[in-house]
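J.: Let chain E serve as the given structure and place chain D on it in line with the hints.
Letter by letter, the chains look like this.
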Amino acid sequence: MKFTINRDTFIKTLNDVSRAIATKTTIPILTGLKLDLTADQLTMTGSDADISIEASIPVTQDTAALQIAEPGSIVLPSRFFTEIVKRLPEKEMTITVTDTQQAVITSGQSEFTINGQISDEYPLLPEIAADHSLQLPADVLREVIAQTVIAVSTQDSRPILTGVHIVIHDGALLAVATDTHRLSQRVVRLDGAGDADYDINIPGRSLTELARTIPDTVATIDVRIAENQVLFRLGDTAFFSRLLEGNYPDTQRLLPTEHTTALTVAADAFQAAIERASLLSHESRNNVVRLVLTPEANTAVLSSTSPDVGTVQEEIAFKTLTGDTLDISFNPDYMKDALRVVGPSDVTMAFTSALRPFTIEPAEATSQFIQLITPIRTF
Amino acid sequence: MLGRLPIIRHDERRIIHLDMDAFYASVEEREHPEFVGRPLVIARDPRETRGKGVVTTANYVARQFGVHSAMPANQAAQLLAGEPVIWQPPNFTLYRAVSDQIHGIMHRVTEFIEPVALDEAYMDVTRRFPDWPQAVRAAAYLQRSIRQETRLTSSVGISYNKYLAKLASDYNKPFGRTIITPEAAPLFLDRLPIRKFQGVGEKTAPKLLAMGITTGEQLRALSLTQLTDAFGKFGYMLYRRVRGVDDRPVAYARERKSIGKERTFAPFLQSDEACTRRISALAAEVAELLQSKQRKGSTITLKMRDGDFVTETKRVTLAEPTQDAQRITTEALRLWEAYGTGMLAQGIRLLGVTVSGLVPVTMENLTLPLFGEPL
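Just so you know, the sequences run in chain order E and D.
Its first residue numbered 1, the first sequence is counted upward by one per residue in the working numbering.
Its first residue numbered 380, the second sequence is counted upward by one per residue in the working numbering.
Quick caveat, the hints were computed from the structure, so don't treat them as lab data.
Some clues are possibly wrong.
[As the list claims (entries may be wrong)] If we take Cβ atoms under 10 Å as the criterion, some of the chain E residues that face chain D in the derived model are:
{"hint": "1", "residue": "D179"}
{"hint": "2", "residue": "L243"}
{"hint": "3", "residue": "D250"}
{"hint": "4", "residue": "L254"}
{"hint": "5", "residue": "N286"}
{"hint": "6", "residue": "R290"}
{"hint": "7", "residue": "T378"}
Owing to the predicted nature of the structure, the values given are computational and were not obtained by experimental measurement.
Ideal Cβ positions, reconstructed from N, Cα and C, are used throughout, including at glycine.
This is chain E alone, in the form it adopts within the complex (with noise of 0.2 Å):
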């Protein structure tokens, strides 16, 4: 195997499969990037069981200037290879494989040698039939992972429920998380679904590394969805992920649908509101922030206290505030999340009680997005 490439454009793509490298592994040929050089294409790909990611540099791609002297294929151990390439000295690099499985790097007067290992011992990465496949635009699905994964758990205790749950039916997509404490929720409508009819759990990590992976140039993803794994399509790039197992919990159920007190604020000043309460609560043990809403004397305040610190105390400036007094407590950290992916708009929340989850919406219902967060016991 032997090709030279701009090393601008390898690292690029390079960086994109690294996310999925694992760095401890069961697997010691997962800690390996995979090369693979055919007539026509360069093709990594990195894996830590969980995330798949191959990505393939076409020879008739322009800036990468990419020449097959012999195609072959290796598996290099990933950390080492990678600071190798960034420090090289020249824009362009040169990779010859010998009969050994050593890998000589040459660029400028710079080579090194590294020790590989086969190619043929790296797992193979799960065959996805075509004929399931979906069409979803890049930036709708950006923004569905960014506001669903917030709410998905990092506690291995309830495995299913560190994954995003999704429903595609009817010609829509619902993706809900939960990790007990909040929920995030996202409806969008899907054109062209057809009869698509499908119900996965996607680890969040995987959909966090995805969108980090989507590039600036991919406008349409391609889907393909298997019994145990899922395929998302981004130009050159394929991401795997395996799903999750089992029933995610009913969540529907739990969406209030009456409230008794509603508060609409613009989500950017509540949220530098909540930042300045919580510069208390993470002082004291308990990360508290305690919201009093008083619609008749026009009131909204939020308070915090430390032990050690002292105390804060904030008139909320608002839109509207209607119903019934309400004194809650809840984690401001979950309120702040919750108000970043909402973006720059009017939020409205509803309250039922104290000791009930409320909702955040956008307040212009021009999204299907909802998000729930249970309150802080405080007596």
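T.: Below, chain D alone, put in the same frame as chain E:
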């Protein structure tokens, strides 16, 4: 570059430091009158432990031979060779009971008590006894009442901050009572040998001596820069202390930061099964303590020490605080499986389970009823 550091001496507080005289040894002498007058060492007889073990404390007779706490029991035995030594293993249950009794007496004087150990506490009596003669009378009352009700002696120090109060109680032991007023403090500190400054020990003392410093007066002559260059943060502290400045409050009713239990095993535990059983038992005890203190915690720590004295402490932080025995056990056992089983070859001499990040049980982040619980 800094100019002169302004130092403000706050001397309006009235602080009492109470220190029981050779507490454990005195309690033993009270329980065993036949011990009085003989050298008494609170430790197991080194002949029974094949030379292992350290001195917990010793009575004044034994101290005259140079025996002190934390000394290897073997060494104490050499110092006391030929003497009618009494080796008494510590009875912490008894000491704790006596300590509780003494705390009861302190509570008659003030609620602002900061216990330092079973035998030592600071009290802030400013509010109730703002005048020096009143504060001194309160200290005398404590000594008298403790003496009458427990037949034990104590030494007290009275001053305007914790540092000086402790120096004062240490100044005249046993059964001493020393007062350091703001007026007397400079002279007292000037004359104090540097060894007596709290915190000046094995590392600092030789350095100071090498700098030609033997008294407080000479220490006070050093600049802040000289002290911080030589001793860092501790130098800054010394700079303040030698000027009679210590603004640390008496941390009364200090909230507990963690609740834990640990146990040493002899013989060492050799099997996974034995360790698992002990960890489960410790976890259950901790859960019970949490429940009795109305606390729950989110960080669970497992401490493991093997036969070679290699100690590992591993922790896991939960999303939600718990006081549930089952949960604490599960997490502790997970840590054991991940980190402890590899230590089994050397045998396990100590295991401990601790829960920290404590919050009152009443504080609870409610959960969504995802798994069939009623709404």
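J.: Determine for every hint whether it applies to the structure shown.
T.: Here is what the structure says about each hint:
Evaluation of the E:D179 hint against chain D yields a held restraint, the C-beta minimum of about 7 Å falling below 10 Å. Hint on E:L243 is violated. Least Cβ distance to chain D is approximately 19 Å, over the 10 Å limit. Checking E:D250 against chain D by beta carbon gives a least distance of about 8 Å; that is within 10 Å, so the hint holds. With 10 Å as the threshold, the beta carbon of E:L254 comes within range of chain D, its nearest partner Cβ sitting at about 5 Å, so the hint holds.
Nearest Cβ of chain D to the Cβ of E:N286: about 5 Å, under the 10 Å cut. The hint holds. Taking 10 Å as the C-beta cut-off, the interface hint given for E:R290 is violated, the closest approach to chain D being about 12 Å. With a least beta-carbon distance of about 6 Å to chain D, the hint placing E:T378 at the interface is held under the 10 Å criterion.
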